[in-house]
Amino acid sequence: MIALGNGLFLPSLSSQVEGLYRDGDARSKSAYNIYYVGINLGGFLSPLVCGTLGEAYGWHWGFAAAGIGMLLSLVIYLAGRRYLPSDPALGAEMRAARPPMDRSARERFGLLIGIAAIVVIFRGAYEQNGNTIALWADTGIDRQLASGWVIPMTWFQSINSLAVFAFTPLLLARWSRLAKQGVDTPLLARMAFGATIVGASYVALGMVAAWSQAHGTRASWVWLFVWFVVFTIGELYILPVGLALFGRMAPEGFRATSIATWFFAGFFGNLLAGALGTLWSQMNHGLFFVLIGAVSGVSAMLLYMLGRRYRGVGQHGDIDGTAVPVR
1 MIALGNGLFL
11 PSLSSQVEGL
21 YRDGDARSKS
31 AYNIYYVGIN
41 LGGFLSPLVC
51 GTLGEAYGWH
61 WGFAAAGIGM
71 LLSLVIYLAG
81 RRYLPSDPAL
91 GAEMRAARPP
101 MDRSARERFG
111 LLIGIAAIVV
121 IFRGAYEQNG
131 NTIALWADTG
141 IDRQLASGWV
151 IPMTWFQSIN
161 SLAVFAFTPL
171 LLARWSRLAK
181 QGVDTPLLAR
191 MAFGATIVGA
201 SYVALGMVAA
211 WSQAHGTRAS
221 WVWLFVWFVV
231 FTIGELYILP
241 VGLALFGRMA
251 PEGFRATSIA
261 TWFFAGFFGN
271 LLAGALGTLW
281 SQMNHGLFFV
291 LIGAVSGVSA
301 MLLYMLGRRY
311 RGVGQHGDID
321 GTAVPVR
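Take 1 as the starting number for the sequence shown in my numbering and just add one per residue.
If you're looking for bench data, these hints aren't it; they were derived computationally from the structure.
Note that the coordinates shown come from a computational prediction; the quantities given were computed from them, not determined experimentally.
Take these hints with a grain of salt, some might be off.
[Claimed, not checked] Ranges between beta-carbon positions, derived for each pair:
1. G130 <-> F264: 14 to 22 Å
2. A179 <-> W149: 39 to 47 Å
3. Q181 <-> D142: 38 to 46 Å
Ideal Cβ placement from N, Cα and C applies to all residues, glycine included.
Please model the complete structure; the sequences and the hints are all you need to start from.
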């Protein structure tokens, strides 16, 4: 039921973001980054509220709090519907209004599918932050402060969202400043850079885990905090940028389908993350994190190669919709 509800909710909501702006509105360039901050507001609060209730009073209280939060979000959405774009045509009316896919549209959609396939690989590494990273935070991290108080393991999941709040405005300001100076990085190059940062963060974490394992001790919680900050910076270069790319490069009449393709990449990426996670109990934890870093590095290399093959994607601060293969 949760998967069904989430599948109906997320692609539909994400596809409405672009419709909040008129064509040519410069503010739309940062729309998905702002939307991503909104998502992470819930990501920040939920471990603090639901996690604390679950660990202190029982997990049924944590699940109850999550359900109440979902109901509140529905109330907010319904109360603000007048600010949203009108619903698109449905059924036969939609099919009649949808223009046929020309060669350019087919090429764009093909490029998006290629990017989605690479994002599956990246997600296999990225999603370890809620999988094996959580296990390591519980068993391999010294969470006790000088006062003797132990940081709840679930609280570490809020660091990611907190870093999203802190660094999104800084990155948007940096990209805007570079664009005004005529230095504008194509979006696929940004995504490749983000995957590289994530990969490097896992390799560094692997070194910390290997050192602590070799000395028979637990790593300081500070290392995990720093890792989450660096990891999140890499995340901001790839996930909101990729979501924006899928929303804005979608052929006319296929925006929801395009956004759904992005979330399908997340689905298959989670399956890959689960498969990789089975290695956690079979190998040295330091080597495991290095392996995960290599997986992210492979996705970075593929994104870079795809960016070299296709020009016109994300040039000059926008997506012009011309995915022209370089012959």
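Run the structure past the numbered hints and jot down the numbers of the failing ones, going up.
Hint check: nothing fails, all pass.
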